[in-house]
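Trainee: Below, each chain spelled out in residue letters.
2 protein chains.
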Amino acid sequence: MIVKPIGVISSPFKNRGTAPIQPFQSKAIGKVTVHKKYQKGLTDIDGFSHIILLYQFHKSKGYDLLVRPYLDDKLKGLFATRAPRRPNQIGMSVVELIGRKDNVLTVKGIDALDKSPLLDIKPFVPHFSARKKVKIGWLKGKLPNK
Amino acid sequence: MIVKPIGVISSPFKNRGTAPIQPFQSKAIGKVTVHKKYQKGLTDIDGFSHIILLYQFHKSKGYDLLVRPYLDDKLKGLFATRAPRRPNQIGMSVVELIGRKDNVLTVKGIDALDKSPLLDIKPFVPHFSARKKVKIGWLKGKLPNK
Chain A
392 MIVKPIGVIS SPFKNRGTAP IQPFQSKAIG KVTVHKKYQK GLTDIDGFSH IILLYQFHKS
452 KGYDLLVRPY LDDKLKGLFA TRAPRRPNQI GMSVVELIGR KDNVLTVKGI DALDKSPLLD
512 IKPFVPHFSA RKKVKIGWLK GKLPNK
Chain B
392 MIVKPIGVIS SPFKNRGTAP IQPFQSKAIG KVTVHKKYQK GLTDIDGFSH IILLYQFHKS
452 KGYDLLVRPY LDDKLKGLFA TRAPRRPNQI GMSVVELIGR KDNVLTVKGI DALDKSPLLD
512 IKPFVPHFSA RKKVKIGWLK GKLPNK
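Each protein sequence line maps, in turn, to chains A and B. Be aware that the first sequence starts at 392, since it is given in our numbering, and climbs by one per residue. Be aware that the second sequence starts at 392, since it is given in our numbering, and climbs by one per residue.
Only chain A is shown next, with the shape it has when bound in the complex (with noise of 0.2 Å):
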């Protein structure tokens, strides 16, 4: 499957070493410019408070079916990590839409690469993509609270 950039991420952030490992922890401001030819596409977009963004790692390459992340000392199994070295190199970030300017959303809560490829946007709506009372395996006592 060829997967074609629809767009780019803009972020403070130039490489992993100043990303943040992830959004809860950003209040970073960023900019998502989507190329023109899909801009009808963003109708409505502006009602939704959140969104979801589908973007390429790409910095990353290859990858290891154990890893070590940054929460733990203890290797991890790949899939029960977010690590952004992956078979295929796609993040997923909820980022809060805070404005819409025709083709460019300004986003807060970003922690994607500055120059990401954008694949995809999606409506960040719980009844689709949250849910409640999960078990969080490794991570347990890890996060804070929120």
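Derived by calculation from the structure, the hints in this document are not laboratory data. Hints are supplied without guarantee of correctness; some may be wrong.
Since the list gives no way to pick one copy over another, a pair counts as held whenever it fits inside one copy or between any two copies.
[Stated by the list, open to error] Here are the simulated DSS-like pairs of lysine-lysine, each with C-alpha atoms no more than 30 Å apart in a straight line:
1) Lys-428 - Lys-465
2) Lys-422 - Lys-526
3) Lys-531 - Lys-492
4) Lys-427 - Lys-531
5) Lys-422 - Lys-465
6) Lys-405 - Lys-427
7) Lys-418 - Lys-431
Since this is a predicted model, take the numbers as computed values, not measurements.
Given the coordinates of chain A, assemble chain B onto it according to the supplied hints.
Mentor: Showing chain B alone in chain A's frame:
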């Protein structure tokens, strides 16, 4: 960017007509078979009650930038909907993980079509992927209480 399946999803839904529109309506059981070569990456996944599946909408062709979603009779911008016909045909579902045997996960609440190529698995962690107090645009008032 070339994306290669890391496995395949089995579900009761052979085509769009029989599939639930979104997994919150679905209690359907499915199987996620990860290719053997990636099995080690599933280590530690069992601790998570919910996982995010990224997969290809393999039956979808082309797209329109304005679509008439099932919950409304007016045209909406494509990126304000979850329509499967998109510039990049990538689907995302949060499902309950109810079992694993080696490289095969049993999941509940699947809405993907049978034989959907699996692209990635990420753990569902509310800190990263869920937000409270959200506005859901044109979907307001159209979804059942949870």
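Trainee: Take the hints in turn and mark each one as holding or not.
Mentor: Here is how each hint holds up against the structure:
1. Lys-428 - Lys-465: Classified as between: cross-chain Cα gap 22 Å, same-chain 46 Å, threshold 30 Å.
2. Lys-422 - Lys-526: between (33 Å within a copy, 20 Å between copies)
3. Lys-531 - Lys-492: Classified as between: cross-chain Cα gap 23 Å, same-chain 40 Å, threshold 30 Å.
4. Lys-427 - Lys-531: between (43 Å within a copy, 28 Å between copies)
5. Lys-422 - Lys-465: Answer is between: at 29 Å across copies they meet the 30 Å cutoff, but 35 Å inside does not.
6. Lys-405 - Lys-427: For Lys-405 and Lys-427, the Cα distance is within 30 Å only inside one copy (25 Å; across copies 35 Å).
7. Lys-418 - Lys-431: within (28 Å within a copy, 34 Å between copies)
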